[in-house]
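Chemist: What follows is the residue order along each chain.
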Amino acid sequence: MKPDEQREPVHLRGLSADDPHLQPASAHPERAEAVIAVTLFLGLLGVAGFGACYWVNAAPWTLGATLGGGLTFLGIGMAAWGKYLMPRGPFVEERHSLAATDEDRDALAGAIVQRGGTLLKRRKLIGGLLGGGLGVFSVVAIFPLLRSLGPLPKGTLFHTDWKKGSYVVDQTGRRVSVGDLAVGSVMTVYPEGAQDTDRGQAVDATVLVRLSNEDFTTQRGRETWAPMGYVAYSKICTHLGCPVGLYEQQLQLLVCPCHQSMFNVTNGAIPQFGPAPRPLPQLPMYIDASGFLRSQRGYDQPIGPGFWERS
Amino acid sequence: MTRPVLSRLGATAFVALLGAAPVLALATNAHAAGKPPYQTTRKNSGTPNSSQVVTNSQGQVISYGNRAITYANPSPALAQLGRALFLENCATCHGTEANGVPASGTAGAYPDLVGLGTATIDFWVESGRMPAANPRAVEAVRRVPRLTHDQALAIAAWINSLSPAYPAIPTVHLQGANVSDGATLFALNCAACHTIEGTGDALAFSTFSPSMRHVPATQVAEAIRTGPGNMPRFTGNLSDFQVRDIVKYVTTEIEHPRNPGGFGLGGLGPVAEGFVGLALGVGLLALVGFWVGERQ
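Chains as they are written, first to last, in this note's numbering: chain A, 74 to 384; chain B, 5 to 300.
If we strip away everything but chain B, and leave its shape as in the complex, we get:
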């Protein structure tokens, strides 16, 4: 989805009128809330610079981005619905003000959500990780989402209204993405934990990196930009264009592995492959041996 030239021109003119004031105000606001601000100087890194931002008449950021990724906040009008949904589904753990509850389990088990930005909230809710199946689990697992897309947007809108922050929810424009660059960037930045096949693997202390298969493009971009759970977040070190390449690679090559050798065996690596090699290869050899050696 590329926005028409006219609307882009209009947006630029509008921003020129308003200046960068709202952006600065937002940044100050986030800082005042005691949150680490998103300190990135690089353009195209999930945070807006003033020439990209589209705001509404109240000075609230509607969207920003470029032809690789457009980041958009859900309409602030959804906030009231979002608050009701939050109280119903999330407040038990995160508190009625979304500022977290001291947990009697692991440190940070029920975190403060204020000032995290809409992409973070959208990722956790739309991937089905929240509301959590087991709030005391070491790591929330992906499952069928309990809330709809619109409900997730509403909750994100309400939490963002408490203390606006970045990044907003990304829409990745995959036309023109470079799969080859995406593969290189995936190997450099993602494969260490998610494995080169994207199947995920065990990490320290009962944590694990999830599989990258069947993950929608938006959630891949959200995870890269926000760093959910133990995953580091990638901001200034990956441009929007590079994130687009990675998303393209994940949603095509990781999603549909080619397996030129015939059998992928789940892409689990030497254990699965060795097992099949032993069971089939050695087993077959043993059967042949029995046939040759057997005499009547």
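If we strip away everything but chain A, and leave its shape as in the complex, we get:
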């Protein structure tokens, strides 16, 4: 038997029945057929078993095993059938020309221009109605874009739930007091009431770091923002909004796990490395008479990544 490459490709039409091209690929077709029969039988058993297992609510792994095994054996049988029992070939069959004749094309163009024009002139009413309908639809199609994409964010992108005097709480709602963190400690905090809401997690999450035992100034103009060394920054990365949760206390860096933006906590979270375009906004804190940490006011700028309306 000659390998494929050495046999001449022939036209299928007009081949005699005993042509070697029409012989099965296998040298022992009956043996191949027996093997394929066994494979297909196993496949049949598999899918039938799947039906049975499904019917009796058997364990999930039996469903997977019977369905997967059955389909695998059926597939192997099909592939082997094509590989060993189909005529050996190779055959060629030239494709006929797909283009229409020139006369046909001219006739079609003429028919569209002449008869179409005549028809439209004769049916002005429905032609106009159709055009009007499509025109109105093209305008109306814009409506879903305006309303069904959800409510407009309005001010929610600009403001968080941090207000003047908001209590600082941990994820369980416990108020944080001035003695809670040692220098070098970090925790994630929320404004009281927002700690167990989706919006609280997505927007209000704030990293509270204690840098010192004394008031800490991160930038000029922020002298009162970090009483007793309690510095608070938005936890939402200004790049793509990941939680900036990795605090390295010797390097004094907050690291974003997604794209390795690094913010220096001592100088107002100015990005030191990575794709973040802006510093993390700092939340001004104060300590009230009972020793609880509270926010002087909300963030002075939108938190998180940029958006169109952000100036």
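Hints were generated in silico from the structure; no laboratory data involved.
Mixed in with the good hints there might be a few duds.
To be verified - Derived CB-CB ranges, DEER-like: (1) A:T229 - B:T96: 52 to 62 angstroms; (2) A:G148 - B:F279: 18 to 28 angstroms; (3) B:R147 - A:T290: 51 to 61 angstroms; (4) A:G204 - B:V292: 35 to 45 angstroms; (5) A:P160 - B:V292: 45 to 55 angstroms; (6) B:V105 - A:T290: 23 to 33 angstroms; (7) B:F279 - A:G137: 19 to 29 angstroms; (8) B:F209 - A:A214: 45 to 55 angstroms; (9) A:G266 - B:F209: 30 to 40 angstroms.
What the hints assert, rightly or not - With the Cβ distance kept under 7 angstroms, some of the chain A side facing chain B (calculated, not the full set): (10) M151; (11) A152; (12) L254; (13) G314; (14) G318; (15) Y320; (16) Q322; (17) L324; (18) V328; (19) M335.
Using N, Cα and C, we set each Cβ at its ideal position, and we do this for glycine too.
Once you've looked at the hints, dock chain B against the given chain A.
Modeler: Below, chain B alone, put in the same frame as chain A:
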């Protein structure tokens, strides 16, 4: 290990006699040494409050804590041995008075150890990070400890005798710990750096967070309370009971991952998993394709 009721009663009575004076004296002492004091007001946070403290006749704190974690200082009698061991193993970098040496490398490379508390010293020595294999390395790596447990305690005892401070060495009582709460707290506080599988990961500027596997319970608690290296320390924001839950989670679920999918692949995440998916999955498909398409 729960201390018998009688001894706890005795301790309470003893403390009632002595009052809180020694504790206050210690705090003042630490402050006088120019160290940031452990300012935590919350109970059960690694620092003692007066009702928990057991002191010896010289007013030195022996132990404090609760049924979640007991913090104990090594015996002050070990201090003399500790000084000898310190001079032999540590003084080259940290100085003969343990107050650090200005380093000609990274800032703070040879830090002042005075007033750090026994848990800090014990963690670094017993995890094998100190004495450092390479003192100029960006970050000390965990390895087989060079000093024994008793030697580590002795060094801690001597350094603590210079300026007593907290926290002392924790013993975590894992009975009754809540693994589920531990998992939540781990995800909230630890997973950012150590990854949710606890395998550790790269951080900024050649630093890294180490793997949490094969770390003894005491060292996990020490790390949480003292914040070694770049790790933040967790004091008032985690109670002893919460630390116990985390330690339980780390020493059981992180230590023995269940891998319900079959292969954990080291818990390294999408890179390792994607590689295996491509190599095995696509490779297998390619082989099947070759078999189907090949003709004789």
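Chemist: Against the structure shown, which of the earlier numbered hints fail to hold, in ascending order?
Modeler: Numbers 3, 4, 5, 10 and 13, in rising order.
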